[in-house]
Amino acid sequence: GDSVTQTEGPVTLSEGTSLTVNCSYETKQYPTLFWYVQYPGEGPQLLFKVPKANEKGSSRGFEATYNKEATSFHLQKASVQESDSAVYYCALTKGGSALGRLHFGAGTQLIVIP
Amino acid sequence: EAAVTQSPRNKVTVTGGNVTLSCRQTNSHNYMYWYRQDTGHGLRLIHYSYGAGNLQIGDVPDGYKATRTTQEDFFLLLELASPSQTSLYFCASSRDNSGNTLYFGEGSRLIVV
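Protein sequences appear in the order of chains A and B. Here my numbering is used: the first residue of the first sequence is 1, the next is one more, and so on. Here my numbering is used: the first residue of the second sequence is 1, the next is one more, and so on.
It should be emphasised that the hints constitute simulated quantities derived from the structure, not laboratory data. Predicted model, so just to flag it, every value in this text is computed and none were measured. Be aware that a few hints might be false.
What the hints assert, rightly or not - Quick list of the computed label-pair ranges, beta carbon to beta carbon:
no. : chain 1 : residue 1 : chain 2 : residue 2 : range
1   : B       : Gly17     : A       : Gly61     : 33 to 39 Å
2   : B       : Arg95     : A       : Pro40     : 43 to 49 Å
3   : B       : Ser7      : A       : Val11     : 15 to 21 Å
Said to hold, decoys possible - Reference excerpt, derived from the structure (chain A facing chain B, CB under 8 Å, subset only):
no. : residue
4   : Pro10
5   : Tyr30
6   : Lys68
7   : Ile111
8   : Val112
Unchecked claim - Some, not all, of what chain A presents toward chain B, calculated at C-beta under 7 Å:
no. : residue
9   : Ala70
10  : Gly105
11  : Ala106
Cβ atoms here follow ideal geometry from the backbone N, Cα and C, with glycine treated the same way.
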């Protein structure tokens, strides 16, 4: 079946340092890949999505490249801020017969210390 | 902007109790979803629907019923609540099933004692 595996948290960083959250996926079809972010007390919201292999998505200084060969979609940011403290979810959907259901990873909590 | 509203935001019930969580979306979206969020498991899909009167089973449906009464309203029913159903529940909506963005509500925290 479909699955998403991501870096186990919490990840604690100092402001200004770089971030990598690993995400690997398994699916038999070609998915659309997502990163969602959940700030404290809120529901998850889309950070960005990438529907095609070998393309890059980005938003708010975060970026990830859809690597079909490695089945990976790692999230990166060059310099984190305290306001980036949140839980980050990697997810995939296949659409079509799967009715667009999203499969989420377990989430990675990021704590940024000022 | 997309709007998904859940109620109640917090609920405490006893084992064996009856609970209904409500969700309303004003996005004119066809698809609606119920997820539960637990530490170590992330977000797991309980039930979803692609229109009024339609219901699809998700990945963790046991102990839950759902009903989509209108395009706007989607309800999650726990008829015999158990402590294992203590969780944070999220409702979401999306326009269609082709990799479209999900818009989430703010969550309903349920505690079963």
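Hint numbers the structure violates, sorted upward? Of the numbered hints, 1, 2, 3, 4, 5, 6, 7, 8, 9 do not hold.
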